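S.K.: These are the residues of each chain, in order.
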Amino acid sequence: MTHSLHRSGSVESLRGDYVWFMYQSKGINDQNIASKAVEFIAAAEAVGSENWGDVKSGCILEIPVEDIRARVTDKSRLRGVFTRREQVVEFLEIMKEKDTGLSIVITGLLDEVLPACKEAGVTPHTVNYSLGVWGKKELLPTEDVLAVTTMCGHHQVAPNFVEKMADEVRRGRKTPEEAARELALYCPCGIFNQVRAAKLLEEQAKPQV
Amino acid sequence: MPIIVEEKCKGCRLCIPYCPLDAFQVVGKKKVAIDQERCVECYVCLRKNVCPSQAIQPTEIEGTLRNFSHFLSDPTETKATTGVPGRGTEEAKTNDVTGRTKIGQVGVAIDMGRPGTGVHMVDVEKVSMAMAAAGLEFEESTPLTEIMEDRATGKVKAEYLPAHMLSIIVEGNIPADGLPRVIQALKDVSGQIDTVFSLGLISRVDGEGNTPLLDEIERLGLPRPIRGKVNVGLGRPLVND
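From first to last, the protein sequence lines stand for chains A and B.
The first sequence: position 44 = 44 (the numbering used here), numbered continuously.
Just add 1000 to the spot in the second sequence (first one is 1) and you have the numbering used here.
Bound-form chain A, shown alone (with noise of 0.2 Å):
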C-alpha cells in the first residue's frame, strides 16, 4: 500500500506533513511484535506526534492510547504523523537506540526527511519516490480538494465530505481545527494530518478576491 506517498497540494503547504510507519515483515521479523511496538508508541508519544493509530483500532484521535496499546498483537501496523521535521529527527534517534529490528519509513518532501536522517544518524536504504498522477485526469476532484483527501491515502475521506467541511467553516459553524479533526477520524490508519487540513480548510474559506 503506497497510502502516504501521493499527497497532494503545494509545495508549501507540504512541508510540516510527514508519515511514519512501523512494519514487520512477514516471514523475517514478525514475532514478538507487541513489546517493540509498545516502543513505537513510545516514542511518537514523547515527540508529539499529532495522529496515530493502528488501522485495527483505530487513531488517537478516537480512540484511548491505552485502548491501542492493550489491542496491539503482532499482525498490528502503526503509523501516524509529525508536522514538525525536529520530531522526525527526535522520533529516528529514539527508535535507532531502540533498535527494535522492525522497518521504519518516513514520508515527506526529500529535502526535509533525507536532511532529518542524516542528523538523526540512520541511513537511508530505499526511497519510493511520487511521479505524480496519469490517466484520466479530469475525473478529479478540485486540488484544493485533493489536498485534503489524499491525506487518507485509502480514500475513506470523500470529496463531497471536504467540501461540506469546507462550507461549514466558511459559515462559521466549525472552527477549521473541529472540521479537520472530523475529516481526520475517517482515516483509520491515523495518517490523517488534521493540523494540515485545518490549515487548508481556514484558506479555502477565505473570501476569493
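Bear in mind the hints are in silico, worked out from the structure with no lab data behind them.
Just so we're clear, the structure is a prediction, and the values are computed from it rather than from any experiment.
Think about it this way: if two alpha-carbon atoms lie no more than 25 Å apart in a straight line, the pair counts; the simulated BS3-like pairs of lysine-lysine are:
#1 56(A) - 75(A)
#2 1048(B) - 56(A)
#3 137(A) - 1126(B)
#4 98(A) - 26(A)
#5 136(A) - 1187(B)
#6 118(A) - 96(A)
#7 1102(B) - 96(A)
#8 1187(B) - 137(A)
#9 164(A) - 137(A)
#10 118(A) - 1102(B)
#11 96(A) - 26(A)
#12 96(A) - 75(A)
#13 26(A) - 1102(B)
#14 174(A) - 1048(B)
#15 26(A) - 56(A)
#16 136(A) - 1126(B)
#17 164(A) - 1030(B)
#18 174(A) - 164(A)
#19 1010(B) - 1031(B)
#20 1010(B) - 164(A)
#21 164(A) - 1048(B)
#22 164(A) - 1029(B)
#23 75(A) - 1048(B)
#24 136(A) - 1155(B)
#25 1031(B) - 164(A)
Assemble the complex: chain A is given as a structure, and chain B must be docked to it using the hints.
M.R.: Below, chain B alone, put in the same frame as chain A:
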C-alpha cells in the same frame, strides 16, 4: 453489502457527502438508495454510522467479486491470502529486510484508481498487460498477481474482469535499463483507461539518499520527484546487497 432500508430512510440526505465514490443516489422525491454498481464495499458508511436513522444496514457480501472488491476497498479488512491489511503489498516499506528491489533494479508501484476515482478490473488488466509487455516482473504475493491467469502476459482471470474497487496496485521490478520501456508503455496506456493511477518508482539509495534513478527520470522528460517514502534502514537483518 450495505443497503438502505427504505422504510427507515427519512430522506434527510445527510449520508450523501460521506461516500468516497458518490454511490448514494436520491431516488424518487425523497429517499436515498445505494447505487450498487458504484458501491465498492468500502464500508465507510457502515463503519462511521453516517445515517442518523440507522437506515444503512449491512447484508452478507455475496460472491467472489463483491468480496474481492470489499477486501481491496476497506483498509480495515485483511486479505487472507496475502496476510497483510487492505490492498497490501510491501514495496519499499520493508525493502531493508526483504531486499525485493535490488541494486540495479527499479521497483514500479502503480496505484490504480488513486486518488479516489476507483477502478474497474478491465482497466487494471490494460495496465498490467502493458507492463508485462514492457518487461515488468510482477511481485509474487499481491492481490493482483493472485488473480492473474498468466503472469507472463499480465492477463487477469476472466471471472475477475467485472470487479470494481477503490484501488489496487500493479507492482513489480525491472532492471534499471528497462525503465524507458515501462515509462513509454505507461504513457501509451494512460490514454486508454477510464480512470487514473498514481505512479511510484522505487530504488535503493546510497547513504546520502542519492540514486541514478533521479537523473534517469529527468532524462525521460518527467518532473523530478519532490516527495518520497524513505525506508531509513533500521530493519534487521539488514539486506545490503
